[in-house]
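Number of protein chains: 2
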Amino acid sequence: MSRLSLNTATTKNITLAEAVSLSAEAGLQHIGVWRDRVAEAGLDKAARLVSDAGLSVSSLCRGGFLTAADDAGQAAALADNTQAIVEAATLGTRELIMVVGGLPAAGLLTGGPAVDPSAPGAKDVAAARQRVADRISELVPVAQEHDVRLVLEPLHPMYAADRAVLSTLGQALDLAAPFPSATVGVVVDTFHVWWDPALESSIQRAGAEGRIASYQVCDWNLPIAADALLSRGYMGDGYIDFEAVTRMVAATGYAGPVEVEIFNQSIWDSAASSVLATVKSRYETLVEPHL
Amino acid sequence: MSRLSLNTATTKNITLAEAVSLSAEAGLQHIGVWRDRVAEAGLDKAARLVSDAGLSVSSLCRGGFLTAADDAGQAAALADNTQAIVEAATLGTRELIMVVGGLPAAGLLTGGPAVDPSAPGAKDVAAARQRVADRISELVPVAQEHDVRLVLEPLHPMYAADRAVLSTLGQALDLAAPFPSATVGVVVDTFHVWWDPALESSIQRAGAEGRIASYQVCDWNLPIAADALLSRGYMGDGYIDFEAVTRMVAATGYAGPVEVEIFNQSIWDSAASSVLATVKSRYETLVEPHL
Chain A
1 MSRLSLNTAT TKNITLAEAV SLSAEAGLQH IGVWRDRVAE AGLDKAARLV SDAGLSVSSL
61 CRGGFLTAAD DAGQAAALAD NTQAIVEAAT LGTRELIMVV GGLPAAGLLT GGPAVDPSAP
121 GAKDVAAARQ RVADRISELV PVAQEHDVRL VLEPLHPMYA ADRAVLSTLG QALDLAAPFP
181 SATVGVVVDT FHVWWDPALE SSIQRAGAEG RIASYQVCDW NLPIAADALL SRGYMGDGYI
241 DFEAVTRMVA ATGYAGPVEV EIFNQSIWDS AASSVLATVK SRYETLVEPH L
Chain B
1 MSRLSLNTAT TKNITLAEAV SLSAEAGLQH IGVWRDRVAE AGLDKAARLV SDAGLSVSSL
61 CRGGFLTAAD DAGQAAALAD NTQAIVEAAT LGTRELIMVV GGLPAAGLLT GGPAVDPSAP
121 GAKDVAAARQ RVADRISELV PVAQEHDVRL VLEPLHPMYA ADRAVLSTLG QALDLAAPFP
181 SATVGVVVDT FHVWWDPALE SSIQRAGAEG RIASYQVCDW NLPIAADALL SRGYMGDGYI
241 DFEAVTRMVA ATGYAGPVEV EIFNQSIWDS AASSVLATVK SRYETLVEPH L
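Chains A and B, in that order, are what the protein sequence lines are. Letter by letter, the first sequence follows residues 1 to 291 in full-length UniProt numbering. Letter by letter, the second sequence follows residues 1 to 291 in full-length UniProt numbering.
What the hints contain is simulated information worked out from the structure, not anything from laboratory work. Mixed in with the good hints, there may be bad ones.
[Claimed, not checked] Footprint (simulated), chain A over chain B, 3 or more residues, beta carbon under 8 Å:
1. 96–107
2. 114–126
3. 135–142
4. 153–163
5. 193–201
Where a beta carbon is used, it is the ideal one built from N, C-alpha and C, also for glycine.
Bound-form chain A, shown alone (with noise of 0.2 Å):
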């Protein structure tokens, strides 16, 4: 277990103090915080929180929505990310995960504000890609400043409309080929990259240039939910080969936590305890072997 980390996602209706007694209580490690559970305790509490417990925070979800194309969104963007970097840093951890941001036109998501569909570039991908390459060298100093890594998670294309213009682990690499691998990394996501054709390739490329700043499993279950978003499953409840996602992180070297980070409904409304006792049973049969 000295690996499992609990995302505070996949017990989304306990306080982070209830997650980090419960995470320790179990013998876990680390956790990984949502930053909507920080400011609910208030950062300088929730850094003693999970130090008084002698848990270290494997990241802090997170950062980004980098998309938007109006000089007022780039600049709630950058300040927005700025105070999560200082949150990472408060924390004591080096990962800050970053989800880049959707299309314009997709509105809520790109740290601006909605676009017409309609208006000339709201439905521009390339251009959204590109500006996420800007708003990420902007950080890059920032982050540098404060010793954290922005990790860029490609999410499953599935949300490449409203949530992440990123897509692949491939992609996420190039993103990050300009900067250091200290200030610039990646996470591999079992649901977002596990059907990925070059998965394997990218993870041996992730782990020889030192970006792997995070491994997040969690299972793809079908059909897929209402909202998209809740369709994560347990490991093994869905279709993902988690020995086989497993066995290509290990073989980069990749020793750090594993984090377990589901969004769906029916695990929200069960019993937090109930939950992670699944979360480690499945662990044990399903990934720890493999690492």
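Given chain A's structure and the hints, the job is docking chain B onto it.
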């Protein structure tokens, strides 16, 4: 309108005869047909219906489902695809669209029986892809004999588990590479490929290799429909930049039909004549100017 082709899946609730009449009356020159509509009419009658109306068949949908791991499932897939090749030839089209099938663990659409998800290999996507390559290799001589092209369709990665372990255009081109371009081609379907960071280079490669057998257009709607298969929309209703993708395809010199294939419950519930009117109008505004 000389290149627009109505795919019969867009007007799911009318017969082939009705779709043919509607297309001819609307001044179209092509029609994309599904095998269920052909079977309903009878193969020879279907061929006569189309040719009597002065139309040509732009593609036959669909062969494939090649991922079964068992002998019986593989034999059944070869028999069914041989039949589909004969049907394409009889209908006077060279282009047989192939949806390659999903993981054995996902059951129905592999061309074989449902497999226990915990059975060895049931979630092995690499092995499933190898079986696709093996079956294509066996089908190539049959396709050559009937002067038909096997047209590999990369499906959106959200269908990788249950419908197609072929997820990108680049992967389709790699799979096609051992075979002549007259016998194995690819389809560019905007819904499936718009998100791909390698889209432009893959379309260029497909064009340079002479493998673009079909260009299919429809939009990526959000939210994803309860049945994820039905998330397609009229061009302009979702998030795809049709100018960008169409220009990429046009730049290769592709001069063939442009099929509109939309699975969408609300469109299926509308009168076919009004559906075709909307298809024509969206095509004229969003696609045709960039061809």
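Verification of the hints:
By the rule of at least three residues with a Cβ nearer than 8 Å to a Cβ of chain A, the coverage given for the segment 96–107 of chain B holds, with 3 such residues. Counting residues of the segment 114–126 of chain B whose CB lies closer than 8 Å to any CB of chain A gives 5, so the stated coverage by that chain holds, three being the minimum. Under the rule that three or more residues need a Cβ within less than 8 Å of chain A, the assignment of the segment 135–142 of chain B is violated, with 0 such residues. Remark: the segment 153–163 of chain B is confirmed as covered by chain A, as 6 of its residues place a Cβ nearer than 8 Å to a Cβ of that chain, reaching the required three.
Coverage of a stretch by a chain is defined here by at least three residues with a beta carbon nearer than 8 Å to that chain's beta carbons; for the segment 193–201 of chain B and chain A the count is 4, and the condition holds.
The structure fails hint 3 only (numbered hints given earlier).
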